[in-house]
Amino acid sequence: MCVICLDADPVHVVHDHQAGKVRGVPCFGCNAALGQFKDRPDVLRRAAEYLEGIVWKPTLEAPGVYQLPS
Numbered sequence: 030m031c032v033i034c035l036d037a038d039p040v041h042v043v044h045d046h047q048a049g050k051v052r053g054v055p056c057f058g059c060n061a062a063l064g065q066f067k068d069r070p071d072v073l074r075r076a077a078e079y080l081e082g083i084v085w086k087p088t089l090e091a092p093g094v095y096q097l098p099s
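For the sequence shown, the residue numbers in the working numbering are 30 to 99.
Hint data in this document are derived by calculation from the structure and do not stem from the laboratory. Note that this is a predicted model, so its numbers are computed, not measured. Among the hints, erroneous ones may be present.
Said to hold, decoys possible - Between beta-carbon pairs, the in silico distance windows are:
hint	residue 1	residue 2	range
1	P87	H44	38 to 46 Å
2	K50	A77	19 to 27 Å
3	L97	A62	24 to 32 Å
Where a beta carbon is used, it is the ideal one built from N, C-alpha and C, also for glycine.
Use the sequences and the hints to build the structure in full.
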């Protein structure tokens, strides 16, 4: 089972490019996604927030006053 999506069959042994240590065995799709995000956790977090709708939600500052994300 893929260590990321917990669904597909694992097919790739993935390693940390800087440390050279094995991270785990994800499926083809999850391995490709990590590559597209260039192994950057900060970008992956923003992508997850975007998918969850958190990034673009306005914040209620006062009754009837909303702050849009910058």
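I want to verify a distance hint. Is the separation of the beta carbons of P87 and H44 within 38 to 46 Å? holds (42 Å)
Verdict for K50, A77 (Cβ pair) under range 19 to 27 Å: Since the Cβ atoms of K50 and A77 sit about 24 Å apart, the hinted range of 19 to 27 Å holds.
Distance restraint hint 24 to 32 Å, applied to the beta-carbon atoms of L97 and A62: holds (29 Å)
Of the numbered hints listed earlier, not one is contradicted by the structure.
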